[in-house]
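Could you build the full structure based on these sequences and the hints that come with them?
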Amino acid sequence: MNAIVISAVLGVVMMFCGVFTNSKPAVRFVAIIGLLGLLIANVLDMGGYHFFNVNVNGMLAFDIFGLLFNTIAFAATWIYFLLSGRDMERVGVNLAEYFALIFFVLCGIAIVSAFNSLLMLFLGIEIISIPLYILTGSDKRNLKSNEAALKYFLMGAFSTGIMLMGITLLYGAKGSFNMEVIRSGTTTLTPMLAAGLLLLLFAMSFKVSAVPFHFWTPDAYDGAPTVFTSFMATIVKVAGFIAFIRLFEGCFGEVHKQWQLLAAIITAATLFIGNITAVFQQSVKRMLSYSSIAQAGFMLFALVAMNETAKEGLIFYAAAYSLATIGIFAVLLKMKDYTFEGFNGLAKRQPVLAATNTIFLLSLAGIPATAGFWAKFYMLSAAINNGNVMWLVIVGVLCAAVSVYYYFRVIQAMYFKDGEPQEIETSRGFKGLLIVIAAVVVLLGIFPHWLINQLYSFFYL
Amino acid sequence: MSSIPLTHILFVSTALFFIGVYGLFTRRNLITMLMAIELMLNSVNINFVAFNKYLYPHTLNGVFFSLFIITVAAAEAAVAIAIIINLYRNHRSIDVEDAQEMKY
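If you're matching them up, the sequences are chains A and B in order.
Count along the first sequence from 1, add 20, and you get the number used in our numbering.
Count along the second sequence from 1, add 285, and you get the number used in our numbering.
These aren't lab readings, by the way, just hints derived from the structure by calculation.
All of these numbers come straight from a predicted model, not from anything done at the bench.
For each residue, glycine too, the CB sits at the ideal point set by N, CA and C.
Any given hint could turn out to be false.
With the C-beta cut set under 10 Å, the calculated list includes, among others, these residues of chain A facing chain B [said to hold, decoys possible]:
hint, residue
1, Gly157
2, Lys160
3, Leu170
4, Gly181
5, Ile182
6, Ile187
7, Leu189
16 Å max Cα-Cα, derived EDC-like pairs, lysine to aspartate or glutamate [stated by the list, open to error]:
hint, chain 1, residue 1, chain 2, residue 2
8, A, Lys164, B, Asp383
9, A, Lys160, A, Glu117
10, A, Lys437, A, Glu361
11, A, Lys354, A, Glu445
12, A, Lys164, B, Glu382
Far from chain B, some chain A residues (derived; all Cβ distances over 12 Å) [what the hints assert, rightly or not]:
hint, residue
13, Val39
14, Asn166
15, Thr180
16, Phe450
17, Asn473
Take a look at the structure:
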């Protein structure tokens, strides 16, 4: 509860900041300190210090899984503020409002990671989506940004409609929005229940951009101002997966086999289309948006396997993927040319940026000794433990091999090609922070058991 | 009161939902597309109220959910109209076919 209340209050505080001060460093400072406070409040919540005791009538359930995910999401956002907060100034004049919208999105994430009622799921998803439509279109003079906001809105509203239709059918079949009621009697499927669950599956696939429903993703991510693409492609996307897995955990009783096949087909299609299309991209930003679809395919493994390993693996994956992608976007933001050629010869001019960027790309590709390797390892081993979907594991490994191609194209451009190096202004603090993140990525790759042991001690205390 | 069976109301709401889906996919005018989305959301409202009234009359769950949907739909429409006005200022048109900056 701490996170929900404090993030909403912080959003309002940021809006007042925009009224009372014009100083951009002051606004940024308030946002960074506020988010740090939010993070600490959430960690205290995990330790049992609840600041707010609100009777939620069972609509929210604060289990350790959701709170742990909140911690990772807030920490990733904090790093994102530190790295890219300065770049938000270039989008437009309303710096305080951008921070306010991001805090509202975080409030939605805190709701979505704790929902126990379909009403809260709907509200959480909408609280995440509506500020994101605004952030996508925040570059008001830019035609691409306008168009991206439009596409994102149309697809988002359409999927909201589908989700509501699913919820209403579930309500008709069960008479309650409570997840426990929905889980308890779902051993046999009536047509209405099956239709409701299927519509919910489609709507959630829209939100996490799984493949038959991924068409909005490249355009929305490509058109949005790059600072906000970084936020959308990492923290928000992973939050969608937390909602997804909370929603479908144990929902399917007798028909578990058929459901698993359906989820496995979506996963395989997501991996395949995401990776293959990413190979043909000319712009690094667009390549990263397809790569986010491909990484979503790996996170979907958690949905197929649906066991404890998968849940812990998903949290680990969230951390590894968010850190690496935020780092790459922070470097990309400093470039003026987003094509692969723009990276030519970066290693000579900016050795620190090139080296850290290489580590992040290796982590995304899943090379051993980086966090991304263990993230993929846990996902695949969860699927193997489950035992029914060996073919999917093979598809996953093959697609990971394909992904190496387009990640290494960037590394190749940075180190082995000569080009006109761009003028890039970076501060010493920015470089230092990038090095720290790269070090964390490598340390998580060498000692993954540290984080996993922390997870275990939280899960089984 | 109960002379109208539940299935008739469900038929109306399902028809409205699919009219909304059809409108969203065939119309090219942005305001019409927004109206199609509202149609989808409102068909869900009818569904909720009907289920609540006919199947679970002792609670008010469904009615309250539809109140939330109305609120969220209003917020969504506000954002959508802001986006459309912004697009109109840059393009001088509210036809989706004109918004084609990004190619695959």
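**Given pair status - Glu361(A), Lys437(A), alpha carbons within 16 Å** = Roughly 9 Å between the alpha carbons, so the hint for Lys437(A) and Glu361(A) holds.
**Item:** When the least beta-carbon distance from Ile187(A) to chain B is tested against 10 Å, hint result
**Value:** Hint holds; Ile187(A) Cβ to chain B Cβ min 8 Å, cut 10 Å.
**Prompt:** When you look at the beta carbon of Asn166(A), is every beta carbon of chain B farther off than 12 Å?
**Reply:** violated (5 Å)
**Pair hint outcome, Lys354(A) versus Glu445(A) [Cα-Cα no greater than 16 Å]** = holds (7 Å)
**Prompt:** At a threshold of 10 Å, is the proposed contact between Leu189(A) and chain B supported by beta-carbon distances?
**Reply:** Constraint on Leu189(A) satisfied, holds at 8 Å.
**Asked** Can Leu170(A) be said to touch chain B, with a Cβ gap under 10 Å?
**Response** holds (6 Å)
**Item:** Non-interface claim for Thr180(A), where every Cβ of chain B lies beyond 12 Å
**Value:** Contrary to the label, Thr180(A) does not stay out of reach of chain B, its closest Cβ about 8 Å off (not over 12 Å).
**Item:** Interface hint compliance - Gly181(A) to chain B, C-beta minimum distance less than 10 Å
**Value:** Holds: closest Cβ of chain B sits about 4 Å from Gly181(A), inside 10 Å.
**Asked** Holds or violated: Gly157(A) as interface residue toward chain B, Cβ cutoff 10 Å?
**Response** Where the cut-off is 10 Å and the nearest Cβ of chain B is about 5 Å from Gly157(A), the hint holds.
**Request:** Beyond 12 Å from every chain B Cβ: check whether that's true for Val39(A).
**Result:** holds (20 Å)
**Item:** Given pair status - Glu382(B), Lys164(A), alpha carbons within 16 Å
**Value:** Roughly 14 Å separates the two Cα atoms, so the pair holds.
**Item:** 12 Å Cβ clearance of Asn473(A) from chain B
**Value:** Nearest chain B Cβ is 41 Å from Asn473(A), so the label holds.
The structure fails hints 14, 15 (numbered hints given earlier, in ascending order).
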